[in-house]
Amino acid sequence: MKRHSVVRTVAIAAAAFLATGALASCSAGDGDGGDGADGGSKTLSVTLVNHVWTDIIKEKIPEFEEETGIKVELSQYGEDQLSDQYNVKLNAGTSELDVMMYRPLQEGKQFAKNGYFADLTEDVESDKDWDWADFQKGPVGSTTYEDQVVGVPIITEQEVLYYRKDLLEAAGLEVPKTMDELEAAAKTIKEANPGIAGFVARTGKSAAVTQFSSFLFSFGGDFIDEDGNAAVNSDAAKEAYAFYGGLIHNYGPENVSTDMSWAEAMAIFTQGNAAFYTEADSLYKNATDPANSKVADTVGFAPIPAGSDGSKAYNVPSWALGINEASENKDAAWQFIQWATSQDMTLEIQQAGVPGARTSVWKDPAGVETYPADLAEAIAISTENGIGHDRPLVIKVPEAREIVGDPIVVAITGGDSDAAADKANEAFQELLDDEK
Amino acid sequence: MTVPVTAESTGKPAAPSGWTPQKPTPWASFSNWANRHRKWVFASPAMIFVALLIAVPIVWTIYLSLTDSEGSVRAKAEFIGFENYLEVLGDTERFWPAVWRTFYFTGGALAAELVLGMAIALLLWRPFKGEKWVRVAILLPLVATPVAVGMMWRLIFDPNIGFANQVLNWLGLPSQPWLSGEHTALPTLIFVDVWQWTPMIVLILLAGLTSLSDEPDEAARIDGANSWQRFWFVTLPLLRATVIVAIVLRGIDALKTFDILYATKGKGGGSFHEVETLNVYAYGLSFDYNDYGIASTVLILFFLLIIALMWIVTFRRKGDRS
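So the protein sequences, as listed, match chains G and S. Take the first sequence: its letter number 251 is residue 251 in this note's numbering, and every next letter is one higher. Take the second sequence: its letter number 148 is residue 148 in this note's numbering, and every next letter is one higher.
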């Protein structure tokens, strides 16, 4: 009898433990964001990427909190981690995310197709003072999906040529205006300065695609032709692959890694180990800030040199803010976006070095006065002739980037990039057909 | 068979004369029932836990692998039978090279770790001065976070500013591409894995060595066996069970390695997929390509592969015993 009662006590204790555990987990699940169905909630979850833009906004969030009485819970991630976070949480239909910083050209289409974004069309058109019409057309196009506005562009990017004034001067060279001049200058400088590369740029299969795109456009090519077919084995594309890869293969750093994204390539340039570097202008602070850059005094900027089809850099919205469709705080989320993308805020952030997406800040002399003069000029030219994409505009962007990026890596390692381009074209066509 | 009988006798006692049987209260009958099925009642929390956390995800993954799920797992997916399996098994571009790399990495790392681990364990077996410090120093890599280890080695092996190439240059040797080379990346990562996980093998083997009795060794010594013979014919056979445990534990772990590969080479295992093992491949398929059907298929195949290997190892052990 005694043994039985022991059994019973233990069983009851175990059952009670399990029951409370289950209840506790239920209530935890319900508690998050469940208390603000109609904008009455006091906590707003904002997810941002590591970026200069984010650093500036972060400092100002207390002002927003004071103004509105909304408490902002900020999460910040690196690009890849951010993608993973979104994939996991949005797949599960979370309401934990409210405001989401995302890449319109990378995840935009996929997320919109999955129905992850709230429709902001009415919101953006309702506030005349905030002025939706002030946003540049290209960026707005890329945050619009099937006639619905799903995001507000915040950062734009153009590709420019970073160069070392001192090395050019020592070699008696002018700033290259054409691709041929660029190659000749890279060759001369590499030969004259052992240990210094003539040219450096991203080399990672996927990472390089965006910076390669301006070369592709300038040689007269594109990833997809007018009929919507794969075009990465056109003559222009083959020439661009061989040229970009060849520059790095012949005049790049010794033992060049084929995994470089902007951080690694920028490090080589800012350590003083390369003469030319093509990269997004939005990263220019890395090169001009003496704390990070040994070449801060001698760095110059120029438009992308002209290829056979002129100088055609990409001009794209790299980041935008959207709202999670499952969010229960949509009103507060919209309030935050309105605040973060207001004219004053955009101007202030642009002055701190992050190119904005509003036309007015570019027209305003105050909007570019803090930029190095040659950079402002290069951006103006890129914006004028710019192409509105820097990667294939498809749903499965990551896969497409790996496909069209393969010939770049083959060219960098000195392989047969023409054959690689033919192979890539076939695979890319298959992907396009799948998405039709 | 005896259980129901006792249950019968306690549950419904044969009514003795002069005693009216009372209807048991609900609680009493539950308690009786619980007593009769004691082993199930006690095991049930663990069983429910296992079912929820292991079986459900596996069944769900199997289901996903039979659909064309992509984009979002909440989106409509069509049931397509074994089409994904045919596609994956016929994929000589990514899947089979990834299988080969998985085995190459595991085999290479495991072999080096066993030999080195055995050597270090033998050195540490006999007490010596400063033993404690040496043991602590040897265990340090084991406690470091793999991602941090990956970042550290990535800097050391950087082709331009890395320490490894500077050392080579001091010695008058040419720089090596290390992690950035198409053919050198995986061997370099095997080295990193060996650096990190040999201590675990040392720990396991050392535990085995300490539990050995000295007598067989002494007997062999008296018989005139030299130290190599004593190791090869006496110590090693006695240690066989421990070695197999070490192989199984580390082998499964090495097959599933993800952190150092991802931390050093990123998504897709580098521009040539040079370090893309099955795990890295499946990760890319689901988190980069959002191809959940194919990703699940790769994971299920990987799962079957590990089970098959486990089965071979344990089956061989049983065979040896009999």
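Hints are computed from structural coordinates only; laboratory data are not their basis. Computed from a prediction, not measured in an experiment: that's the story for all the values here. Please note: incorrect hints may appear among the correct ones.
Said to hold, decoys possible - Simulated coverage check for chain S against chain G, where a stretch passes if three residues somewhere in it have a Cβ under 8 Å from a Cβ of chain G:
1) 95 to 103
2) 154 to 161
3) 188 to 199
4) 293 to 299
Claimed, not checked - Here are a few chain S residues that face chain G, going by a calculated C-beta distance under 10 Å:
5) S29
6) S227
7) G270
8) Y289
Ideal Cβ placement from N, Cα and C applies to all residues, glycine included.
Tested hints:
{"no.": "1", "hint": "95 to 103", "verdict": "violated (count 0)"}
{"no.": "2", "hint": "154 to 161", "verdict": "holds (count 4)"}
{"no.": "3", "hint": "188 to 199", "verdict": "violated (count 0)"}
{"no.": "4", "hint": "293 to 299", "verdict": "violated (count 0)"}
{"no.": "5", "hint": "S29", "verdict": "13 Å, violated"}
{"no.": "6", "hint": "S227", "verdict": "44 Å, violated"}
{"no.": "7", "hint": "G270", "verdict": "6 Å, holds"}
{"no.": "8", "hint": "Y289", "verdict": "5 Å, holds"}
Of the hints listed earlier, those the structure fails to meet are numbers 1, 3, 4, 5 and 6, in rising order.
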